[in-house]
Structures are given as structure tokens and as C-alpha cells.
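Number of protein chains: 2
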Amino acid sequence: MSKEIPYKIYLEESELPKQWYNVRADMKNKPAPLLNPATHEPMTVDELSGVFCRELAEQELNTTDAYIDIPQEILDFYKMYRPAPLVRAYCLEKALGTPAKIYYKFEGNNTSGSHKLNSAIAQAYYAKKQGLKGVTTETGAGQWGTALSMACAYLGLDCKVYMVKVSYEQKPFRREVMRTYGADVTPSPSNTTNVGRAILEKFPGTTGSLGCAISEAVEVAVGTEGYRYVLGSVLSQVLLHQSIIGLETMAACDKYGIKPDTIIGCAGGGSNLGGLISPFMGRKLRGEADYEFIAVEPASCPSLTRGKYAYDFCDTGMVCPLAKMYTLGSGFIPSANHAGGLRYHGMSSVVSQLYDDGLITARSVEQTSVFAAAEQFARVEGILPAPESSHAIRVAIDEALKCKETGEEKTILFGLTGTGYFDMVAYQKYNDHEMSDYIPTDEEIAKSLANLPKF
Amino acid sequence: MSKEIPYKIYLEESELPKQWYNVRADMKNKPAPLLNPATHEPMTVDELSGVFCRELAEQELNTTDAYIDIPQEILDFYKMYRPAPLVRAYCLEKALGTPAKIYYKFEGNNTSGSHKLNSAIAQAYYAKKQGLKGVTTETGAGQWGTALSMACAYLGLDCKVYMVKVSYEQKPFRREVMRTYGADVTPSPSNTTNVGRAILEKFPGTTGSLGCAISEAVEVAVGTEGYRYVLGSVLSQVLLHQSIIGLETMAACDKYGIKPDTIIGCAGGGSNLGGLISPFMGRKLRGEADYEFIAVEPASCPSLTRGKYAYDFCDTGMVCPLAKMYTLGSGFIPSANHAGGLRYHGMSSVVSQLYDDGLITARSVEQTSVFAAAEQFARVEGILPAPESSHAIRVAIDEALKCKETGEEKTILFGLTGTGYFDMVAYQKYNDHEMSDYIPTDEEIAKSLANLPKF
Chain P
40 MSKEIPYKIY
50 LEESELPKQW
60 YNVRADMKNK
70 PAPLLNPATH
80 EPMTVDELSG
90 VFCRELAEQE
100 LNTTDAYIDI
110 PQEILDFYKM
120 YRPAPLVRAY
130 CLEKALGTPA
140 KIYYKFEGNN
150 TSGSHKLNSA
160 IAQAYYAKKQ
170 GLKGVTTETG
180 AGQWGTALSM
190 ACAYLGLDCK
200 VYMVKVSYEQ
210 KPFRREVMRT
220 YGADVTPSPS
230 NTTNVGRAIL
240 EKFPGTTGSL
250 GCAISEAVEV
260 AVGTEGYRYV
270 LGSVLSQVLL
280 HQSIIGLETM
290 AACDKYGIKP
300 DTIIGCAGGG
310 SNLGGLISPF
320 MGRKLRGEAD
330 YEFIAVEPAS
340 CPSLTRGKYA
350 YDFCDTGMVC
360 PLAKMYTLGS
370 GFIPSANHAG
380 GLRYHGMSSV
390 VSQLYDDGLI
400 TARSVEQTSV
410 FAAAEQFARV
420 EGILPAPESS
430 HAIRVAIDEA
440 LKCKETGEEK
450 TILFGLTGTG
460 YFDMVAYQKY
470 NDHEMSDYIP
480 TDEEIAKSLA
490 NLPKF
Chain C
40 MSKEIPYKIY
50 LEESELPKQW
60 YNVRADMKNK
70 PAPLLNPATH
80 EPMTVDELSG
90 VFCRELAEQE
100 LNTTDAYIDI
110 PQEILDFYKM
120 YRPAPLVRAY
130 CLEKALGTPA
140 KIYYKFEGNN
150 TSGSHKLNSA
160 IAQAYYAKKQ
170 GLKGVTTETG
180 AGQWGTALSM
190 ACAYLGLDCK
200 VYMVKVSYEQ
210 KPFRREVMRT
220 YGADVTPSPS
230 NTTNVGRAIL
240 EKFPGTTGSL
250 GCAISEAVEV
260 AVGTEGYRYV
270 LGSVLSQVLL
280 HQSIIGLETM
290 AACDKYGIKP
300 DTIIGCAGGG
310 SNLGGLISPF
320 MGRKLRGEAD
330 YEFIAVEPAS
340 CPSLTRGKYA
350 YDFCDTGMVC
360 PLAKMYTLGS
370 GFIPSANHAG
380 GLRYHGMSSV
390 VSQLYDDGLI
400 TARSVEQTSV
410 FAAAEQFARV
420 EGILPAPESS
430 HAIRVAIDEA
440 LKCKETGEEK
450 TILFGLTGTG
460 YFDMVAYQKY
470 NDHEMSDYIP
480 TDEEIAKSLA
490 NLPKF
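Chains P and C, in that order, give the protein sequences. Counting in the working numbering, the first sequence runs from 40 upward without gaps. Counting in the working numbering, the second sequence runs from 40 upward without gaps.
Only chain P is shown next, with the shape it has when bound in the complex (with noise of 0.2 Å):
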């Protein structure tokens, strides 16, 4: 059943999803489960439980329930933002001159500017519910520390946020949103932290990165009465709070007879990714539809693109459990690039799995050429993307000029994660023609990988 499609769909209230999706339970190969980096075990609920609240330590080792209820307080909250309407880009289509049809799920229209608040209101729900005082975490380009300082003012819960110092210096108004919804924040590495001040011994003018920063988060809520860690991505929980995105995506498109080939996201940790294709992906491992699904990274760190599939440290610190994931090595501290949510060595091992399988493709991208795409879709859409999301536009565009030349008629669904309204300082760049490309050489990801834990 096909109908006339508009600009925008935005589902009924009463049509959006009450469940998420855990994609874990539909793969054959299940991800390799987290280890204890003293006695390389599989973690414990118990164990994981010092780190994380107990329902979502919980949580992240389920590998069998498809389906786990939203609870009532989180479906009031997505309410407030929800549901992220899926564009058909009309506009951007007629610019390219491709017979492809163009879909996004934008996830901008919110004040974190970005899907993170999908998992920032779940994982501190959790924590209120658990009697905690507040929890920590880390943030890149601040909008997952935006997002968490969000859920935390709404539910009255403290909120200690350790931001890359390359985001914070380029990002000074993000610190004043989180601010103004009552958070902490504080440049990482920094030396309030053990793991902060061994860092900046060691490398003194680092720019940081989101491994260093996720260590800081661990030290001090393990270190803290009452406090727990909370993150942004890679994990399998963050994975199935953000399969909202791929839930609402995949109900818009079946109610109006949409049907993508192409599924395309940008992958920092994976959580936009995994969130978007997640019941997409379920449909595949059940046999129902097939669709392609792509994974773009900056080329200034391209973890799945040139990583090694391995057991690796989630932060520089090497305070946090072992998981297997496409990494470049828990050292790696890429280049200040713009993306700044896209700067982490490793991917969720939920996309590492599906990408080993061959389930998932990726691509790596340079950022002059992403904002290039992210300049002519602001001007033809309406909408400033977001760095990071720009790199699945990058693409999605490249895809749809194919089609131009094949004459395909391609569906092509692309995840917009957020908007670039604090990103001015890298348009800036990109406008001033100041903008360079990094990519690491052979030998840079080499020796980082040298460093990989041994057993």
C-alpha cells in the first residue's frame, strides 16, 4: 500500500513505539561478550554493577529478549521531542538531478541538537530509579553531555560531564547549555582524575579524546558515593535505547509503502548506526527483506575501514571492561578533527559483529569533502548539519549521484543525527578554506595497535 508521500512524516502519538528493539537477539553470532581486564572472564551483572546501575548492567549482557519495555516516565519524555519526523528530501533530490529517492530520520530537533537524548533520559532514569545521587560520563562534541544534562535537570539528578578539550575549546556555548541545565563540566584530560594527570604528564599538549575522557567519567563515579558511570555509545544498552530511531523509521516507512535498498549512518561508537538500522537488521537476520546497509567514519579515524577486529580497552585508561570491537587501539588519539563524536578508537561490538559478518559495509570519508555535502544540503534542506551526521549526507550523496549516472532508482535512507549550531568554529574553518584533511598513516595505526592487551 503506497501513498502520496509527504515532506515530512511524523507518526501519530498513539503509533510510536512502546518497546525497543535488541538486535543481539536476532544474530546468529552473538557479540563476544565484555571481560574482566584482570581475569579476562566474561563480566557479571554483579561486577558490571559497580560501574553501571544494576538495570542496565543488566541490560547490556541480554543477548535473547528481542523486545524490552520502555517504561512509562522514559515514553513522557520522549513525548517532549518525539517522534523525529522521516523527510523526504525533495529538495535535495531536484539539486542532484537523480532519480533516487532520498529519505532522512532527523534527530536534530531537540535542544542536545542530536539522538543522544534517546539513551541520556533511559540510562538516568535507571539511575533515579536505583535511589543514586547523579552520575558521570564523558562528552565529544557535547551532545551527548548535553543530552545527559538534560535528563538529569528533568529528573533532578546531579550531572558531572568530562568533555574532550578539543570540543570544549571549539565549543565554549556548549558548556553553557549544559551549565544552564545545572551540570559540571570539565576539559579532559584534566587533573582532577589519577588517569587525567598521567595523561597530561604524558602527552602534555593533547588535544584529548573521548577513551581519555570516558576514564576520567569511570575514576570518579567508581571513586564517588551514590554516583555511577553513564555513556554515550558503543554499548549494547545504548544500542537498544537508540533502536527508537530505526523503531519510528521502520513504522513511517511501512506505513506509507516506503521500502529503502540503502540504509546509510555515520558511526563514531556505533550508537546513531545501530540505533537507525537495528530492526532493519533484525528483518535481514529473520530472512524477511535485505537492504544494504553502510557505516561511514572520518578517514582521520576509521576503525572499521582500517582497524583490527580484537579484544581492546574501551578508554585510554584502561579502567574499563575488555570489549571485542573493530579498534585501532586504545591509545589512538586521532587528530583534532571536527567530528568530534566521531573521534573514538573503537566501534560497539554489535556493529563489529554485523560488520564481520558481512552484514554491514563502511566507508571512510574526508572531512573537507563532508563539509562540502553538509554545506549544499544546508542550502538545499534547510536544515545545518550536525559534522558527524554530514558524513552519512557525504554519502547518501555520492550514493544518489550514482543512481544519477546508473539511472537506478534507488531508496536511500540516511540517519541525520543532529545539527551543527555549535559547530561554527569548523564551518568557519571549511568557510576560510582553512580546513585540512588528516588521515593516519599505516605506520601511526600500526604501533597503536601494537599496544593491544595480550592473553
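Hints listed in this document are in silico derivations from the structure and should not be mistaken for laboratory results. Mixed in with the good hints, there may be bad ones.
Copies of the same chain look alike in the list, so a pair counts if it works inside one copy or between any two.
[What the hints assert, rightly or not] No farther apart than 20 Å at their CA atoms in a straight line, the calculated lysine to aspartate or glutamate pairs in the DMTMM-like style are these:
1) K118 x E43
2) K347 x E97
3) K468 x D223
4) K363 x D395
5) K168 x E264
6) K441 x E264
7) K133 x E43
8) K118 x E132
9) K133 x D115
10) K298 x E447
11) K47 x D115
12) K47 x E112
Could you slot chain C onto chain P? The hints should help.
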């Protein structure tokens, strides 16, 4: 017919208005005509066509047609970011513990961050249709300039923006958004115009004003082949385009059986307020329904509450037609408060006449109380509001708290014109307790009003 009210009401694309509503057609006392500053005779379409493009000049003087068709190209552009949601503020109601029902029409879900895009695309469209090369304009907070840049980029028109200096300095990233959309941006007053040079000579340290930036933009438009001037507020044509806000709101209210008792909007030049209330005012003027309308202005720039209803210049440089309006005098330069979009010395002649006829009430509020309301709203409703919009939030909260005392279950509707992502300097001042209030003295206002044109 009353249905359960969702958190957010989105009209279907097929339910979107296809005509603008011109409230002047239903006004018994028409707004006073624009006068030629030399002859003091009413301006004709021919005269106005030197400054505005012809079709807009006609709309400016049209006081008889109640409905004007929206061209298809503009309807298509509207579909990129409209409908704007009508939001039931369940979370704010709960936080306030009020029996009042609070709704807001949220216009911030587009890159200009405000309602300004509604008129920008209309004005750019008619300029393009007339075969012009480009347009010039002024911008205060930067929302109008961004909106016009977006509309011009979409249509391939050149765009020159004069930005009030205080906003230019407080909002460095606004300039980059406009540049990303291909606009030229100059801080005003500038050395690029006669008017700007004269003002700089007289007031070397001035932080600028909308009135001054308008003069510069008009001077450039009139002096450059193939250019016309466009304005983001005050004009009757702008209120006409902005009626899309009220029309959508009314359609959503009617669909769900919502009957607002009180309708609140912030008022700088009157574009948002006028647009939101127009169709409701039409019903009131035709005796079909009754509503209380409240215009909210900053205590630092109180044109309705402390100004005089008289003919005045629309701009500091006195190059524009004379308009009868509530004014503080065209030489009034408000203190550098942060609601840049409300720093205008006069008020739309439509709103002025309605106010003079007792059909609208007005209140002025101080900015620290406005930011307190903004923060409270942000934390429970998730949206970080623009300082301008927060004036309406302040009064909506005040009204809801009155209901808490009286137990009245009033339905309060306000216009949430935009987001505050580019206002973080102001939020930072508030967060750091460095924000102060400023109220002009009676002497300051009297001194400015002494220079009203005499005839």
C-alpha cells in the same frame, strides 16, 4: 468535539493553510497609512516600489483582502520545516502545579531558529519573481538575517545583511551560519554607508540598533541596481506572512477542540505577535469568539507600555516612510540588553492600532526574570528558548501561577518563537549572576520623543 491532547500536535501536510490571513480587512479602524516623509501624503504602490519589490508593496497597502493565496513555491518551501508543532506543556504545568492548560506554538525547528523564515521566503520569492539580483536587510538577534540567507540560498539570490553591532559581537557564530548560506554580513553602524558614518561620528561607542541597521540596508538597496530592501518585522506585509503561525495554531486548536482564553506573544516589531494572534483577532473582530491578547516587551525597550502613538520614522536615519505606531522615538537606542530581536523603538502599525483600540493588552518584563523563566522552561520542557521568546514564557508562567492561586482552569497559549542556541553569551551572564536589568528613565524617553517628526 474534544479529543485526548497529545504532547505535540502536528497538522497533516494536507491540512496546512494555503492562504495568508490579512487582519486589516476585518479591522474597523484601519492602521494609519505610511506617509511619504517629504510630502506627508500616503505612500503609493509606485513610491514603495523603489524600496520594496512591487508585489510586496501591494501587500503592504492592501487593507481589504482578508485572504491572499500563498504561491505554490512558497508552500513547497514551507513544507521543508512546517507544520510547526502546537505543544501541550504538560511538564511545565506539572512543575508549576497549576490547573491552567498551557500550550505553545513552537517555531524554532528550523535553522534560522525562529519564525522569521515564514516571511523571509515570501519576500525572497517575490524579489526573485521580479527578476532582482539580490536583497539587503538588517538583523538584530540574527534570526531574521539567517532566515533571509536561507531563503536566498534556496532561490539563488544575493543577500547583504547589516547586523546590529551588539548582536554581531555577542553572536559570532550567527555570522558563520549566514556565511554558510552565502550571505555578506556587516556590523552596523558601519563605514559602508552615509547613514552609518554619520551615526558613528555622533555616537562613536554605539552598540547599534535595529533602526540604524535598517537605514544602512535601505541606503544600499536604493543605491544598488537590481536590489531591493526587505524587513523582518514591523511591516504589514510581514504580519501577513506570519499569519501562517496563527492559522496553523487555530487549525490545530479547532481540530482538538482547544479554546484558548489568553494568547501571549513577545513583541519587538510585532511580527510574531501579529502573526500568532491575527486569525484569532479576526474571530474577535467578527464577534465569533473572544480572547485576551497580551503583548510582552522588554522593560528596556517598552514601546507599547511607555511609548507614544504617533507618526515616526521607522529607522534612525529617517530614510524610510513615516509610520503611525507606538514609538519611543526613532533616535531611541536601547541599552545593550540581550533580546536583540526586541530592541526596536517602534511597533507594527497593525499591532499599534489594535492596542490603541483596546483589543490587545501589553506588559513589560525585566530580563533577569525573563532568563529565570527561560531556565525553568528549558529544564522541564527540554527546549532552550531564545531570550525574545522567553518574554512570552515569563508572562505565561505568571498567568499560570495566578491560576494556581485562583484555581481557574484557564487555557493559556503562547508563541515560542525560537531557540537560544546562539544566545549562550547571554545565558552565561545569567548563569554567572552577571546580568542586570535596565529600565530607561522617563526623562530619557521624553527626550527621545521630543524629536518625533512634526506636522
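Structure-based check of each hint:
In this assembly of identical chains, K118 and E43 lie within 20 Å of each other by CA distance solely across copies; the values are 14 Å between and 26 Å within a copy. For the homomeric pair K347 and E97, neither the shortest alpha-carbon distance inside one copy (28 Å) nor that between copies (67 Å) is at most 20 Å. In the homo-oligomer, the alpha carbons of K468 and D223 lie at most 20 Å apart only across protomers (16 Å), although the nearest pairing inside one protomer, at 29 Å, exceeds that limit. Taking CA atoms no more than 20 Å apart as the test, K363 paired with D395 passes inside one copy only; the shortest distance there is 11 Å, against 72 Å between copies.
Taking the shortest alpha-carbon separations for K168 and E264, only the intra-copy value of 16 Å comes in at or below 20 Å, while the best inter-copy value is 66 Å. Taking the closest pair of Cα atoms, K441 and E264 never come within 20 Å of each other, the shortest separation being 56 Å inside a single copy and 42 Å across copies. For a Cα distance limit of 20 Å, the shortest separation of K133 from E43 inside one copy, 17 Å, qualifies, whereas the shortest one across copies, 39 Å, does not. Taking the shortest Cα distances, K118 and E132 sit within 20 Å of each other only across copies (15 Å), while inside one copy they are farther apart (31 Å).
In this assembly of identical chains, K133 and D115 lie within 20 Å of each other by CA distance solely across copies; the values are 13 Å between and 38 Å within a copy. In this homomeric assembly, K298 and E447 come within 20 Å of each other (Cα to Cα) only inside a single copy, at 14 Å, whereas the closest approach across copies is 51 Å. For a Cα distance limit of 20 Å, the shortest separation of K47 from D115 across copies, 12 Å, qualifies, whereas the shortest one inside one copy, 23 Å, does not. For the identical chains of this complex, K47 and E112 are inter-copy neighbours only, at 17 Å across copies versus 27 Å inside a copy, given an alpha-carbon limit of 20 Å.
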